[in-house]
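Engineer: Here is how the chains run, residue by residue.
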Amino acid sequence: MFRRRRDPPTPPAPGAAVPEPPSLMPPTTMARPARGSDGMGLRSRPSGFGARLRAILGAGAPASEQTWDEVEEALIAADVGAETTLALVEAARGRFATDGGRSGDDARRALTTEIRDRLERIGSGRFELGAAPAVILFVGVNGTGKTTTIAKLAHRLVADGHTVALAAADTFRAAAIEQLRIWGDQLGVPVIAQRSGADPGAVAFDAVAAAEARGLDAVLVDTAGRLQNKQQLMDELAKIRRVIERRLPDQPRHVLLVLDATTGQNGLLQADGFSREAGVTGIVLTKLDGSAKGGVALGVADRLGVPIVFAGVGEEIGDLAPFDPDAYVEWLFAE
Amino acid sequence: MFESLSARLQGITSRLRGKARITEADLDVALREIRLALLEADVNFKVVKDFVARVRERAIGADVLTGLNPGQQIVKIVHDELVAVLGGERHDLSLDRRPAVLMMVGLQGSGKTTTAAKLAVRLRKDGRKPLLVAADVYRPAAVDQLVQLGDQVGVEVHTRPVGTPALEVARSGLEVARQRGLDVVILDTAGRLHVDEAMMDELVRITGAVTPSETLLVVDAMTGQESVKVAEAFHARLPVTGLVLTKMDGDARGGAALSIRSATGLPVAFLGTGERTDGLEPFHPDRLAQRILGMGDILSFVERVQENVDQDEAERAAERLMANRFTLEDFREQINQIKKMGPIGQLVGMIPGAGQMAGAAQEAVDSGQMKRLEAIIDSMTPEERRRPELIKASRRRRIALGSGTSTAEVNRLLKQFAEMQKMMRSFAGGKMPRLGGGLGALLGR
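Protein chains in written order, with the numbering used here: chain C, 2 to 336; chain U, 6 to 450.
The set of hints was computed from the structure by calculation and includes no laboratory data.
There's no promise every hint is true.
Per label pair, the in silico range of CB-to-CB distance [stated by the list, open to error]:
{"hint": "1", "chain 1": "U", "residue 1": "S399", "chain 2": "C", "residue 2": "E213", "range": "43 to 51 Å"}
{"hint": "2", "chain 1": "C", "residue 1": "T99", "chain 2": "U", "residue 2": "A30", "range": "28 to 36 Å"}
{"hint": "3", "chain 1": "U", "residue 1": "G159", "chain 2": "C", "residue 2": "I123", "range": "49 to 57 Å"}
{"hint": "4", "chain 1": "C", "residue 1": "L87", "chain 2": "U", "residue 2": "I65", "range": "23 to 31 Å"}
{"hint": "5", "chain 1": "C", "residue 1": "A203", "chain 2": "U", "residue 2": "A423", "range": "31 to 39 Å"}
{"hint": "6", "chain 1": "C", "residue 1": "L305", "chain 2": "U", "residue 2": "R391", "range": "51 to 59 Å"}
{"hint": "7", "chain 1": "C", "residue 1": "K240", "chain 2": "U", "residue 2": "D156", "range": "24 to 32 Å"}
{"hint": "8", "chain 1": "U", "residue 1": "R37", "chain 2": "C", "residue 2": "I123", "range": "28 to 36 Å"}
Cβ coordinates follow ideal geometry from the N, Cα and C atoms, glycine included.
Only chain C is shown next, with the shape it has when bound in the complex (with noise of 0.2 Å):
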């Protein structure tokens, strides 16, 4: 547990340096005043899902019908979804009474017992690089934070002595290609590139064969955004997959969604449509730092048993964490 000082919000005067705490933050834009954090990274609100629930079943007194209720609503409230809500409830409902509960606080333990075990079951949380070189590639939407994610997973895995390379095989939105070579010149990793506009199988082709040739660990392919109801779309992501497929058998070894904690039940159908064209491995639930619970994302593990692997938990590089089932749901039902 460790709690970052808050900067006052005064502006930078214009040419100043960076401010404090010193930040990995590129040099062409200003880092943000800080912002404290704690746990896994999360920060913990009073007013969030965790004190609702406490509220509801924190007292000793008997769980009854209307608990069960008020817990249904609790995790609607957090994006879990009507569906999944349902199904946690019963299966909470069923551990209660095999294990004789009787106060709310047995109730709690249930709930929060499945649904850590729901998550451990499918491998929440676990994420191995593998032998070198590992190819990763990102897909979501747009807007859910790839470009800064792959940043973030790349500082990590270069902190822990990885050779690494960026790849930007997000050749279509305006400046994707810029935001990817600032942050690999602040990382002071190699970024594989072409031109914009350019086909993005052939910047992952590029890609893997640079892997291959300098003998890096890993290579973090970043893509353009897509919806996935897009099918034309689509279709490039799985050819870009079997770009990938076809230079290096058993690669790309991770396909990483990310998935933004903000989103609501569309999580459920991207997590679908992404798996369906490019075979996800696991994902990424980003902007934990704001009220969202990213509940949606317990929906796409139970349902579609893709493990959650990593957590987006702020701005700074450092906020990227192996996803922790206890963590998050310890902040789930945190005061």
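Let chain C serve as the given structure and place chain U on it in line with the hints.
Structural biologist: Just chain U, lined up with the frame of chain C:
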């Protein structure tokens, strides 16, 4: 993965059919389905509660229980209630001040920068002289992104050197607009979390300095239950005047609009559809209501086609087609018409169940295939376009050279055009060919 609300209610209706009398318990079953469907559409659960209570009241008041087709009646009540909440009136931007400042705010990744460029395009179409101001000084390459978009659409972008605070960028942008006689300043700001006090303070200071006429909150249509909290937080600190709901070309139901509207009363000003700079549409409450219900968006589609297709030209082409006189010139015109309609994929995507075809057509545009076809046809003489059989080896070489393609491509176009004509002839006997159907064949799909 989700059953639409209409489908859910349809199911109930068939179960209820044949029942002499529908009980209050039956109504409760229907209301439960409505509740679940609204939750799946990401309507905030508190809003759902109130909403369902109102539908219940109206259903009882409207004597649904004794009506002939209770299912349909309930659908209608839900639809009307949705429209009522979403608001009947359109939100017209108030941009009287010269220059008027339009500020875009929202969470990260909601689509502020793209929307800013789209607004610039739209306002210029309305005869305004917009200036884009790149006040997102935090995200790497955000300024580059706006500059590139500005280049694409031919709108000037105001930037300041790295390290300039956002407030200063905004202020100087306003000054530049004044000096240059530009009448709308569109301010792109950095994405920020509503719980980030320091960043929210920055927006408050910018608001104080440039007094925006419109502050538009940009919200991703995929947003879940938090939409209310987010909107309330921005609304509490800033004089937000309207919403832009983005990524509406996706398959999210867009319940966030209903939630935010219910909670804050803010009107939806625009819908963002697609990554192209013309993908910004005025908001129609009834259409969003239908979307939340899961009824497709046929109306928008029809309107888009009507707006962009020259009816006379289309009829002339159809006539020629019937008379078996469809030439490469007509085909060239067909390509033009389709291009004018904007992203084809998006257009066809509005028709429920037409996803695949949308993909093929859009890819043809994206990959530049359409452009190559145009170039080839443009490199022909008028005579050749009317009588492609004239085109022998040496003409093919000339056309390939002129269009920067290869003779193989020219051959392919000619061959497939011949096939297309053949296909159309067979159509001509019976019904009209579909728009784009022949085109698909020509593109080899």
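Engineer: All hints, please: hold or fail.
Structural biologist: To see whether the hints hold, each was checked on the structure:
Under the hint 43 to 51 Å, the C-beta atoms of S399 of chain U and E213 of chain C, about 47 Å apart, fit the expected range. Restraint check, T99 of chain C to A30 of chain U: a C-beta distance of roughly 32 Å satisfies the suggested window 28 to 36 Å. The supplied range of 49 to 57 Å is met by G159 of chain U and I123 of chain C, whose beta-carbon atoms lie about 50 Å from each other. Range check, L87 of chain C to I65 of chain U: Cβ separation about 27 Å, and the 23 to 31 Å hint holds.
For the pair A203 of chain C and A423 of chain U, the supplied restraint of 31 to 39 Å holds, since their beta-carbon distance comes to about 33 Å. As the Cβ distance of L305 of chain C to R391 of chain U is approximately 56 Å, the hint placing it in 51 to 59 Å holds. Between K240 of chain C and D156 of chain U the CB atoms are about 29 Å apart, so this pair conforms to the stated range of 24 to 32 Å. The hinted range of 28 to 36 Å is satisfied by R37 of chain U and I123 of chain C, whose Cβ atoms lie roughly 30 Å apart.
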